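Trainee: Sequence order for the protein chains is A and B.
Residues 20 to 521, numbered by my numbering, are exactly what the first sequence covers, in order.
Residues 36 to 577, numbered by my numbering, are exactly what the second sequence covers, in order.
Quick caveat, the hints were computed from the structure, so don't treat them as lab data.
Just so it is clear, the structure is predicted and the values come from calculations on it, not from any experiment.
One or more of the hints may lead you astray.
[What the hints assert, rightly or not] With the Cβ distance kept under 7 Å, some of the chain B side facing chain A (calculated, not the full set):
hint	residue
1	Tyr-185
2	Leu-223
3	Met-224
4	Gln-230
5	Tyr-243
6	Leu-292
7	Gln-347
8	Gly-440
9	Ala-456
10	Tyr-462
11	Gly-465
12	Gly-468
13	Arg-545
14	Asn-549
[Unchecked claim] Quick list of simulated restraints, FRET-style, between CB atoms:
hint	chain 1	residue 1	chain 2	residue 2	range
15	B	Ser-416	A	Arg-360	27 to 37 Å
16	B	Ser-416	A	Arg-144	31 to 41 Å
17	B	Ser-229	A	Tyr-234	46 to 56 Å
18	A	Arg-159	B	Lys-381	43 to 53 Å
19	B	Gly-486	A	Pro-147	52 to 62 Å
20	B	Tyr-390	A	Pro-178	36 to 46 Å
21	A	Glu-146	B	Arg-498	21 to 31 Å
22	B	Asp-238	A	Cys-488	45 to 55 Å
23	A	Pro-286	B	Asn-424	54 to 64 Å
24	B	Ser-416	A	Trp-392	48 to 58 Å
25	B	Ser-416	A	Ala-148	52 to 62 Å
The beta carbon of each residue, even a glycine, is placed where N, CA and C say it ideally should be.
One-letter residues, chain by chain:
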Amino acid sequence: MSTLPQKESRAPATCPGSASTQDLDSNYGDGLERECSRKPDRKVSEFCGVGDPTAMLSSDSSYLSSRGGVIKWFWDSAEEGYRTYHTDEYDEDKNPSGIINLGTSENKLCFDLLSSRLSQSDMLRVEPALLQYPDWRGHRFLREEVARFLSFYCKSPTPLKPENVVVLNGCASLFSALATVLCEVGEAFLIPAPYYGAITQHVYLYGNVRLVCVYLDSEVTGLDTRPFQLTVERLEMALQRANSEGVKVKGLILINPHNPLGDIYSPGELRNYLEFAKRHELHVMVDEVYMLSVFEKSAAYCSVLSLEGLPDPQRTHVMWATSKDFGMSGLRFGTLYTENRDVATAVASLCRYHGLSGLVQYQMAQLLRDRDWINQVYLPENHARLKAAHTYVAGELQALGIPFLSRGAGFFIWVDLRKFLPEATFKEEMLLWRRFLDNKVLLSCGKTFECKEPGWFRLVFSDKAHRLCLGMRRVRQVLGGKSQVAEEPHSCQTREPRSQHR
Amino acid sequence: MSHQSDTIHLPCGQMRGQGLGSQGTHTRPLEMMLHLRQTIEKHIMQLVTRHQQQDLVLGDQRHHQATGEQEALLGNLVSQLVSLLRSGATGGLGLQPSYPALDVRGDVGGGQEAQSSGQPDQPVHQLKDPEATFVSQHLSNRGIEISASYQANLQDFRIYQADKYHEDTNPLGFINLGISENKLCLDLMTERLSQSDMNVTEDVLLQYSDWSGQPFLWEEVARFLTYYCKVPAQLDPENVVVLNGCSSIFSTLAMVLCDPGEALLSPPPFYGGFVFSSQLYSKVELILVHLDSESTDANPHPFKLTVDKLEQALLEATLTGKKVRGLVLINPQNPLGDVYCRDSLKEYLEFAKRYNLHVIMDEIYMLSVFDESIMFHSILSMESLPDPNRTHVIWGTSKDFGISGFRFGVLYTHNKEVASAVSSFGYLHGVSGIIQYKLCRLLQDREWIDGVYLPTYRSRLQRAHRYITRKLKALGIPFLNHGSGLYVWINLKVYLDPCTFEEELLLCPRFLDNKLILSRGKTYMCKEPGWFRTVFADRPSG
Numbered sequence: 020m021s022t023l024p025q026k027e028s029r030a031p032a033t034c035p036g037s038a039s040t041q042d043l044d045s046n047y048g049d050g051l052e053r054e055c056s057r058k059p060d061r062k063v064s065e066f067c068g069v070g071d072p073t074a075m076l077s078s079d080s081s082y083l084s085s086r087g088g089v090i091k092w093f094w095d096s097a098e099e100g101y102r103t104y105h106t107d108e109y110d111e112d113k114n115p116s117g118i119i120n121l122g123t124s125e126n127k128l129c130f131d132l133l134s135s136r137l138s139q140s141d142m143l144r145v146e147p148a149l150l151q152y153p154d155w156r157g158h159r160f161l162r163e164e165v166a167r168f169l170s171f172y173c174k175s176p177t178p179l180k181p182e183n184v185v186v187l188n189g190c191a192s193l194f195s196a197l198a199t200v201l202c203e204v205g206e207a208f209l210i211p212a213p214y215y216g217a218i219t220q221h222v223y224l225y226g227n228v229r230l231v232c233v234y235l236d237s238e239v240t241g242l243d244t245r246p247f248q249l250t251v252e253r254l255e256m257a258l259q260r261a262n263s264e265g266v267k268v269k270g271l272i273l274i275n276p277h278n279p280l281g282d283i284y285s286p287g288e289l290r291n292y293l294e295f296a297k298r299h300e301l302h303v304m305v306d307e308v309y310m311l312s313v314f315e316k317s318a319a320y321c322s323v324l325s326l327e328g329l330p331d332p333q334r335t336h337v338m339w340a341t342s343k344d345f346g347m348s349g350l351r352f353g354t355l356y357t358e359n360r361d362v363a364t365a366v367a368s369l370c371r372y373h374g375l376s377g378l379v380q381y382q383m384a385q386l387l388r389d390r391d392w393i394n395q396v397y398l399p400e401n402h403a404r405l406k407a408a409h410t411y412v413a414g415e416l417q418a419l420g421i422p423f424l425s426r427g428a429g430f431f432i433w434v435d436l437r438k439f440l441p442e443a444t445f446k447e448e449m450l451l452w453r454r455f456l457d458n459k460v461l462l463s464c465g466k467t468f469e470c471k472e473p474g475w476f477r478l479v480f481s482d483k484a485h486r487l488c489l490g491m492r493r494v495r496q497v498l499g500g501k502s503q504v505a506e507e508p509h510s511c512q513t514r515e516p517r518s519q520h521r
Numbered sequence: 036m037s038h039q040s041d042t043i044h045l046p047c048g049q050m051r052g053q054g055l056g057s058q059g060t061h062t063r064p065l066e067m068m069l070h071l072r073q074t075i076e077k078h079i080m081q082l083v084t085r086h087q088q089q090d091l092v093l094g095d096q097r098h099h100q101a102t103g104e105q106e107a108l109l110g111n112l113v114s115q116l117v118s119l120l121r122s123g124a125t126g127g128l129g130l131q132p133s134y135p136a137l138d139v140r141g142d143v144g145g146g147q148e149a150q151s152s153g154q155p156d157q158p159v160h161q162l163k164d165p166e167a168t169f170v171s172q173h174l175s176n177r178g179i180e181i182s183a184s185y186q187a188n189l190q191d192f193r194i195y196q197a198d199k200y201h202e203d204t205n206p207l208g209f210i211n212l213g214i215s216e217n218k219l220c221l222d223l224m225t226e227r228l229s230q231s232d233m234n235v236t237e238d239v240l241l242q243y244s245d246w247s248g249q250p251f252l253w254e255e256v257a258r259f260l261t262y263y264c265k266v267p268a269q270l271d272p273e274n275v276v277v278l279n280g281c282s283s284i285f286s287t288l289a290m291v292l293c294d295p296g297e298a299l300l301s302p303p304p305f306y307g308g309f310v311f312s313s314q315l316y317s318k319v320e321l322i323l324v325h326l327d328s329e330s331t332d333a334n335p336h337p338f339k340l341t342v343d344k345l346e347q348a349l350l351e352a353t354l355t356g357k358k359v360r361g362l363v364l365i366n367p368q369n370p371l372g373d374v375y376c377r378d379s380l381k382e383y384l385e386f387a388k389r390y391n392l393h394v395i396m397d398e399i400y401m402l403s404v405f406d407e408s409i410m411f412h413s414i415l416s417m418e419s420l421p422d423p424n425r426t427h428v429i430w431g432t433s434k435d436f437g438i439s440g441f442r443f444g445v446l447y448t449h450n451k452e453v454a455s456a457v458s459s460f461g462y463l464h465g466v467s468g469i470i471q472y473k474l475c476r477l478l479q480d481r482e483w484i485d486g487v488y489l490p491t492y493r494s495r496l497q498r499a500h501r502y503i504t505r506k507l508k509a510l511g512i513p514f515l516n517h518g519s520g521l522y523v524w525i526n527l528k529v530y531l532d533p534c535t536f537e538e539e540l541l542l543c544p545r546f547l548d549n550k551l552i553l554s555r556g557k558t559y560m561c562k563e564p565g566w567f568r569t570v571f572a573d574r575p576s577g
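Generate the whole structure from the sequences, applying the supplied hints.
Mentor: Structure representation (structure tokens):
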């Protein structure tokens, strides 16, 4: 029930090469050493095509520490999809038969708007204070702006306070820092699965914290009103199970709007989850990184920060970033909002390692301040483009008779391809994923998100029309059994991962 | 039980709570009494609860052991109280370091415990910051520890941040000669960075990129280092990793080269950030290779690092069961301001090779050599490195270009495995694409660097150095006169009576009271009290 980190960064959507069934040991060193001496199971190498990991590990030992070797191995083995993509990236002119990436959750629809905004003269300020060591929580002017921004867009009942804001270089760092300061080595967070799989790694890499999955069902049963519905009963059960196995759970991670489900929680649901956490004295980390990417007007999104009277404000920590909502994953800006000063201070203490350039901090403040542009230009346009792309892909899927989930938020559709698996196994899921990749379209398979049912895929639609059309055509080909490229042995075995990133 | 470390930091919290921290020294005995009493009360409470809990759960043996620990601690506190009263307690924050029996780290991994014994006593002094808190029921033990040690380390910096000196707006603010930050050329940098070529916002800069940096920046860094490190053959961009600062590079290197509890050798005094960085995530111990500050006939250079000393430290560490994985060197040296000569470097590298040790070479001050008679040798300039696969070079723009706010650090290593393993951490230490572009432009502009920046920078360094050394001479303060870095290593031993680290610590608040921040030798793990580092890379006004 606890999962090993999969090597997936926020960027690449990949199929996991790492086995995700083993238990993490509670002790840092021990766990890793055990990992090393263990022969990685054959299935792994067979499917992820990274060659024999054992050989890799043994050759590492001369230079790397054992944990260094394990870290590298995870990285190498799970980056396959992304690496393959990067060696053969689609380009309209230069590489029209290259791979289309519908796997990475990145908004590529609004670069024109963003580039022009970021090039305006107010962005170009350079002053000495921005070039020097900052306050590690982030520059005061930015924290003030973030507080105002979140107060407005999260509809908080009272103005949020800059003292409760910490700024750092992305939400991955934030997960890592929170895990480190909230948990001891080997302790755990609850997380409803499927979930954005990279979090496993975020909390594990430095923090050595593991995730306990609250598995959700695609089938609507009992009082459920929709597939994969999170209920307090499920949370209670997962917590009990963890406790009975001696796993100390310190918190709950919620993603809202949800990745990969595209789901959003109602205020009532949110409150129930928060009450559950309060009953068990659990911290709640709410990842709201898609909060402005709700493109369907009928979908009423509600931030945790909008709730009147949080059940346990000292244990409620909200995360946001510009990577998704402003389509700037390369900018590395993430922020924490927490009323708990100790947590804010402890996270800030780690910011020397997760800091953000002063110049970028200045630009972010300018951007977040420009409410006119955001409200009148960016958001309407972004939502319209997201909606158009979504409508197109949803229509394609409907035409193919493929069921999917989507509630009008996020950049992706959670697609049910179970009927395309000859057998309901993750092996078959992986084979289908491989067929997509061989047919030059990269998707993310359910296993990457710890989905317990094989056959679900996440399909990212926030890309330009021509790429999207081509990508969908390739998806159709695979599902209709008319792949252009025959299945052939994959050729990833010997390449050095780094060179493949180029 | 899980928050025993609270007690250690309680004094600070208390002082803050009562708003006493910033008062003159005469109130200290009172404060000390007060927080001692409270600490003792708290421990008695813990004793009682422990008795109760352990009667329920644990066997007798552990019960006695735990009780013993608490009793030892109490005894310790009481004896300190007595000695404090006897000594008249003019300041006495020396309370905190000696709680040997208490396992602060609780049940954290073995490496960490091993680490704790080797740790310096953190200067938990004078918490004046209203936001500083150490007592929390919400943080993990390591969270508390991180917060505390960080705050202690950066206390002065935060005081400074809150009350920065400014010619016009805050002429009474703090002058910071403690943080090694190059403020001499902010005018040049501001101007250069404001030029239009810096401002490019392309799609590719806004998207996810390779986590170890943008390929265009690797290439520029490789070219830059090839040129300025005088490398015989062109460096390979594939060997470059870019992260958000040298602390991140060092921390990740420690992570992938050492397992928890393993160790790196380093000769103090050295940059105190290494202590924090090696301990923070990676739980790696730094083994101190102590040097002699006295110059003798046999040893004409104070603090001279020799292979004998390295051998000895390695042997001692090995005998105590430590697994030493590498050697950390800073060149030009921080805080000594010295550079290693080529032969010495070769010897150190040969030594490391003999024992299969990695060498982490921090060359972050490589362009800050202002004495023209001094030749700096990057190890990348060597015709052949003794053990290239175990040699890793760190550089960044924070010091040489005075842009610490940029958050940019570089690793150059021939070892592909190490580069790749460090890159795995990239997404936790990423640099904004826009910044990577600006850095690329900056490093590319050789004409400006060689024609404008470096000559001005060095002459300003020279002038500032001349100014400060003249002042020091006039005051009769001994110092090491070297030609690189942003700081002078000065000896204030004569002002300590007795010559102890407690007294050294007590000197700091006296500087602070006069709105001046220096950093004391203890933070550099210097073995003898009385040394201070004073940074001179600031504008001369006032």
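Trainee: Verify the CB-CB distance for Glu-146/A and Arg-498/B against the hinted window 21 to 31 Å.
Mentor: holds (24 Å)
Trainee: Once the shortest beta carbon distance from Gln-230/B to chain A is found, is it less than 7 Å?
Mentor: Since chain A brings no Cβ nearer than about 9 Å to Gln-230/B, farther than 7 Å, the hint is violated.
Trainee: Taking the CB of Ser-416/B and the CB of Trp-392/A, does the distance hold inside 48 to 58 Å?
Mentor: Distance hint for Ser-416/B, Trp-392/A holds at roughly 50 Å.
Trainee: With respect to the beta-carbon atoms only, verify the hint that Asp-238/B and Cys-488/A lie 45 to 55 Å apart.
Mentor: Violated, at about 20 Å.
Trainee: Against chain A, with CB atoms and a cut of 7 Å, does the hint on Gln-347/B hold up?
Mentor: At about 25 Å, which exceeds the 7 Å cut-off, the nearest Cβ of chain A leaves the hint on Gln-347/B violated.
Trainee: Between Arg-159/A and Lys-381/B, is the Cβ distance one that fits in 43 to 53 Å?
Mentor: holds (48 Å)
Trainee: With a cut-off of 7 Å, does the beta carbon of Asn-549/B approach a beta carbon of chain A closely enough for the hint to hold?
Mentor: Violated, about 22 Å.
Trainee: Can you tell me whether the CB distance of Gly-486/B to Pro-147/A sits inside 52 to 62 Å?
Mentor: Violated: the Cβ-Cβ distance is about 22 Å, outside 52 to 62 Å.
Trainee: Under 7 Å is the threshold here; is the Cβ of Ala-456/B close enough to any Cβ of chain A for the hint to stand?
Mentor: holds (4 Å)
Trainee: Per the CB criterion, is Tyr-185/B less than 7 Å away from chain A?
Mentor: holds (4 Å)
Trainee: Should the interface hint for Gly-440/B be scored as holding, given a Cβ-Cβ cut-off of 7 Å against chain A?
Mentor: holds (4 Å)
Trainee: Do the numbers back the hint for Leu-292/B, that is, is its least Cβ distance to chain A under 7 Å?
Mentor: This interface hint holds because 6 Å falls under the 7 Å limit.
Checked against the numbered hints above, the structure breaks hints 2, 4, 7, 13, 14, 15, 19, 20, 22 and 25 and satisfies the rest.
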